[in-house]
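Here the structure of chain C is known, so what remains is to put chain V in place on it, guided by the hints.
Quick note, the sequences are listed as chains C and V, same order. The numbering of the first sequence is the working numbering, which starts it at 1 and goes up by one. The numbering of the second sequence is the working numbering, which starts it at 1 and goes up by one.
Calculated from the structure, these hints are not laboratory results. Each residue gets a CB set at the ideal place from its N, CA and C atoms; glycine is no exception.
Listed below are several chain C residues computed to face chain V (Cβ distance under 8 Å; list not exhaustive):
no.	residue
1	L213
2	I223
3	S267
4	R268
5	P269
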Amino acid sequence: MSERLSWRWIAAFLIAIAVLSVLSLAAGKVWIPLDAWFTPDLRWTIIAELRVPRTILAIAVGAALGMCGAALQGYTRNPLADPGVLGISSSAAFGAVMTLYISAGMGSPWLLPVGGIIGGVVGTVLLLLFSGATSSLVAFILAGMVLNTIAGNGTALALNLAPTPWAVNEIIHWLLGSLVDRSFDEVTFALPFIAVGMAMLMTTTRALDALTLGEATARSLGINLERMRLMLVVGVGLAAGASVAVTGVIGFVGLITPHLVRPLVGSRPGAVLLPSALCGAVIVLAADIVVRILPSVVELKLGIAMAVLGGPFFLMRLIAMRRVTA
Amino acid sequence: MNTLIAHDLHVRLGDKPVLQGIDLTLAPGQVTVIIGPNGAGKSTLLTRLTGLAAADRGEVRLGDQPVRAMPARLRGQRIGYLPQTPEVVWPVTVRALVGLGRTPFIGGRGPDATDLEAVARAMQATETEVLESRIVETLSGGERARVLLARAIAGEPEWLLADEPMAGLDPSHQLDAALLFQRLAHVDGRGVVVTLHDLHIAARVADRIVVMAEGRILHDGPPAAALSPDVLRAAYGVRARLWPGEKGPLIEILDRDA
Numbered sequence: 001m002s003e004r005l006s007w008r009w010i011a012a013f014l015i016a017i018a019v020l021s022v023l024s025l026a027a028g029k030v031w032i033p034l035d036a037w038f039t040p041d042l043r044w045t046i047i048a049e050l051r052v053p054r055t056i057l058a059i060a061v062g063a064a065l066g067m068c069g070a071a072l073q074g075y076t077r078n079p080l081a082d083p084g085v086l087g088i089s090s091s092a093a094f095g096a097v098m099t100l101y102i103s104a105g106m107g108s109p110w111l112l113p114v115g116g117i118i119g120g121v122v123g124t125v126l127l128l129l130f131s132g133a134t135s136s137l138v139a140f141i142l143a144g145m146v147l148n149t150i151a152g153n154g155t156a157l158a159l160n161l162a163p164t165p166w167a168v169n170e171i172i173h174w175l176l177g178s179l180v181d182r183s184f185d186e187v188t189f190a191l192p193f194i195a196v197g198m199a200m201l202m203t204t205t206r207a208l209d210a211l212t213l214g215e216a217t218a219r220s221l222g223i224n225l226e227r228m229r230l231m232l233v234v235g236v237g238l239a240a241g242a243s244v245a246v247t248g249v250i251g252f253v254g255l256i257t258p259h260l261v262r263p264l265v266g267s268r269p270g271a272v273l274l275p276s277a278l279c280g281a282v283i284v285l286a287a288d289i290v291v292r293i294l295p296s297v298v299e300l301k302l303g304i305a306m307a308v309l310g311g312p313f314f315l316m317r318l319i320a321m322r323r324v325t326a
Numbered sequence: 001m002n003t004l005i006a007h008d009l010h011v012r013l014g015d016k017p018v019l020q021g022i023d024l025t026l027a028p029g030q031v032t033v034i035i036g037p038n039g040a041g042k043s044t045l046l047t048r049l050t051g052l053a054a055a056d057r058g059e060v061r062l063g064d065q066p067v068r069a070m071p072a073r074l075r076g077q078r079i080g081y082l083p084q085t086p087e088v089v090w091p092v093t094v095r096a097l098v099g100l101g102r103t104p105f106i107g108g109r110g111p112d113a114t115d116l117e118a119v120a121r122a123m124q125a126t127e128t129e130v131l132e133s134r135i136v137e138t139l140s141g142g143e144r145a146r147v148l149l150a151r152a153i154a155g156e157p158e159w160l161l162a163d164e165p166m167a168g169l170d171p172s173h174q175l176d177a178a179l180l181f182q183r184l185a186h187v188d189g190r191g192v193v194v195t196l197h198d199l200h201i202a203a204r205v206a207d208r209i210v211v212m213a214e215g216r217i218l219h220d221g222p223p224a225a226a227l228s229p230d231v232l233r234a235a236y237g238v239r240a241r242l243w244p245g246e247k248g249p250l251i252e253i254l255d256r257d258a
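So here's chain C without its partners, still in its complex pose:
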């Protein structure tokens, strides 16, 4: 596909984000019409204190997860890779869950996200240690699976042994993934990590392109695979780790976004990164608006909504693939 076509789609995604942002500020239990904005109306507080940070986080987290998924699929050359596969998401979740044990009596709202980001960073370091000095892809994927298993089991164990059932209940709800009641504190906390992580991922585009031809050829084209893997893992660790730290686990975004983008901008893995970020932002923003306006008593968790949508999406992909190969 031509570069020009790709820019057209990037512009389309940006417009979609702008439109959805306006909708995101207006939509919810309380609909706020445009004429109530910027007035000393009480409803303006809802916009400024709740919906603006919620909208910004939806965009940032969606972009981070979409780009992480695209980068990991490009690197592992596996269309099923996402931050979950590497164990980064579960490490961050494990870090957040561990705060159960130190939160007794000091329920600071900062504790959970800080635990999450520490978990994400520790998981990233472990992943690099597990996978060794070489750039072997098999070792890398196995290391991710090992980390994912350890962190997942650790989370289960920690919840099992937790001292207070109320805290467990709270944290399970948090783990399901949501953007409800997030404030500017979460925005200022997560945004720098996400921005740095995504910037690191953007440095890998040329290497990801060259990897289309396999590791030996990429190396022969002057690509330093060890360096690119470091940028990729740390980039994903920061961007996905910070996302999980503030929103809980929102799965499937990283997995499905690159699949939606490739038919539009072509399959060159480096060219998929930026559109995937924008498309991820559109998806999370749209999904977050939908869960808000669904007429249910309890608001549906964003992470659950994505998971519910993700399953059928993959079934459709499978059917389409079987039709091609049949």
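What follows is chain V alone, placed relative to chain C:
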């Protein structure tokens, strides 16, 4: 253009000694063909010549520079490599794939006019322009091989090292590829090193044939001398007879050497 020199290369993979003391001085402006039985160490030698992997002992130099010490990007600009079974993972277009050959040259701003011209030349030389917007997965084996060859020459490297580049090509495209290698060497003055199994193509394209067996160089010289019954018996363990042909010897494999 610089000479590519292998000095006393030893490589052991697991327990198996794959290269056991290779000394080779390769001159630019020539097509050097490496032949030898399966497992002779041809591909291992090629990856060491490209600087992609280290030898256990000995070193490879380009001019007076050890290739392993060259900055990866600079090495990528000067030494082109086409592996034996090149994979193509994503369904990218032929044009995008050939463009990847320019990777070592492309800076932060993306491909410039020089890059686009080089890609166009490579596609013209391999007659792949008509395939330009096809998805690589939909190509036939021979079309794919030509596109991958175009990728390898798009970087216009001083040295082109290709592992079995003729496999899967029909006779007419084999001839085209042979002529292309000769043009790269004789006209452009580049160094071309190719491993081959087909002895007739080897005879047709080579200025020099290096015969390998069990990690050693068995014979090294012009095609007429390398493709003699004695050398073929020593390398492959077969009895062969040579018949005079118009463009080179015709090699008839009679039977296994008892």
